[in-house]
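Colleague: Note that the protein sequences, when read in sequence, are chains A and B.
With the first letter of the first sequence counted as 1, position 46 gets the number 46 in my numbering; the numbers rise by one all the way through.
With the first letter of the second sequence counted as 1, position 119 gets the number 1119 in my numbering; the numbers rise by one all the way through.
Among these hints, one or two may not hold up.
Unchecked claim - Below, a sample of chain B positions facing chain A; criterion: calculated Cβ distance under 10 Å:
1. I1016
2. G1028
3. L1074
4. W1098
5. T1143
6. A1213
7. L1214
8. G1215
9. E1217
10. A1218
Claimed, not checked - Over 10 Å on every C-beta distance to chain B, these chain A residues come out as not near it, computed from the model:
11. R95
12. R124
13. P225
14. S226
15. K252
16. V280
Hints are computed from structural coordinates only; laboratory data are not their basis.
Just so you know, even glycine gets a beta-carbon here, dropped at the ideal spot from N, CA and C.
So you can see what is in the structure, the chains are spelled out below.
Number of protein chains: 2
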Amino acid sequence: MSGDLVWVNGSFAGRIDPTDRGLMLGDGVFDTLVAFNRKPFAGERHLARLADHATAIGIALDPAKARAGWTAVLAEAKSDHVILRTTVTRGVTGRGLWPKTVPEPTIVVSATPWNKELVARPVRLVTSSIVRNAGSPTSRLKTIGYLDNIFAAREAAEKNADDALLLNAAGKVACTTIANVFALSGGRLLTPPTTDGVLAGIVRGLILEAASALGMEASERSLMPSDLFAADEVFLTNSVRLVSRARSLDEKPLGGRAPERVAGLLSVIAEKIRAEHSFVLEVA
Amino acid sequence: MSGDLVWVNGSFAGRIDPTDRGLMLGDGVFDTLVAFNRKPFAGERHLARLADHATAIGIALDPAKARAGWTAVLAEAKSDHVILRTTVTRGVTGRGLWPKTVPEPTIVVSATPWNKELVARPVRLVTSSIVRNAGSPTSRLKTIGYLDNIFAAREAAEKNADDALLLNAAGKVACTTIANVFALSGGRLLTPPTTDGVLAGIVRGLILEAASALGMEASERSLMPSDLFAADEVFLTNSVRLVSRARSLDEKPLGGRAPERVAGLLSVIAEKIRAEHSFVLEVA
């Protein structure tokens, strides 16, 4: 067993049925957030998205049950700052892909220590050979089915890179294995629309709002890899690492021409964390 | 808990770690077969494919361990004829998509009663809106990540059909949510190549061999939906239902011009089951 603190269906002693559809069929969704000082950062946004994505695949999640898991796990966590993962599966049914009955969902909440070293670390990217399938709604949902991303992460590891960039069938930038992608050019911020096969990350949303607050023009627009090379900066967002500059793609340099603008966007996030969590994010 | 007989990692009392990568990330592969008279049909082919697909995603499966699960479950099964499902996950690791350490795989074997009524039942198909992603190796592997197929199965259920046909991004026929697709025209048998986003089903392979034995020309070739409408017969293969004729696609009729040829192919499978399992498959 892993050493993680894990809450399952209302209890730290809860068990997973080995025929749970999450394990058998990847039939579920999840969320990852960071709790600073035992309080979920952007918790309401994360919970709303989790419930939305559950609904999208036909699971009726009671957000109060997930919240109860958060409360229990955060009270018992060994660290004040933890990565909180919430997994919701359709539960247990008989055979058949689309079940005739509606089972009780399975909810798993687990915590692992968060490490500030993860933030703002520049990232070397490689282009994955795996095509991101914009032709499926699962490309816009945070589902359990992460094997494409695992394949891409293996490619990155084999090429001694930090992360892999996934393109869709039209060759447009979708995301990395764990993050949304932004390009910053002449003070204008661009990120691919969800229709390109993109999950609407919570920090992606916060950054789009932060840009407005800083008077930057920000919009969703398809990006080709050539747009990344032409950008003043390319950066990645996710809920654990917040904001990281991408410094190369396939060993060719990216950005480096406006690091202060990326730092300014991260500062807006850091200020929100300070105000809401009394936690000061020190970034190198 | 489900009423299934379930063996996990060497024991009927084995438990699933709630942070198992199968449940968290869909990081695993599986196999489904039918055991007739408590003996796996085409068991060696199934086991070899399962080990191959595990290898493809970087899991070193010891086939002897999966076989031990089969033996244990088949000895205890309440029915002589069962659907045997084997699930292999990467197991438990720390966070990170591509793990730095190689954990012990998790193996789950479960049995549910097989029902002969599943065989040879004509199927009404609808075309799914979900695009099959031929641009990922996962489209050719039997991985846990079945949510695209679950979405497609929901579409079929909502349209009162039996199954959904998935096309790839080029509009070519890939498969249904649970089966391979064959078209039979003028005594010539065609099925899409795996490069179109197709899992090489065990019964698909047996049918290609049976065709040769019956003196039919059989080959892998891309198929468009129009090829299905032009065919004398369209039929589906999988390990539980064996062979089923498709009788309509989006409410337009398919095939019906050479049912005896489809029956002849199924007879080759039935004869193999009779010879190897002393089980007579009676097909209406």
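Colleague: Determine which of the earlier numbered hints do not hold for this structure and return their numbers in increasing order.
Modeller: 3, 6, 7, 8, 9, 10 and 11
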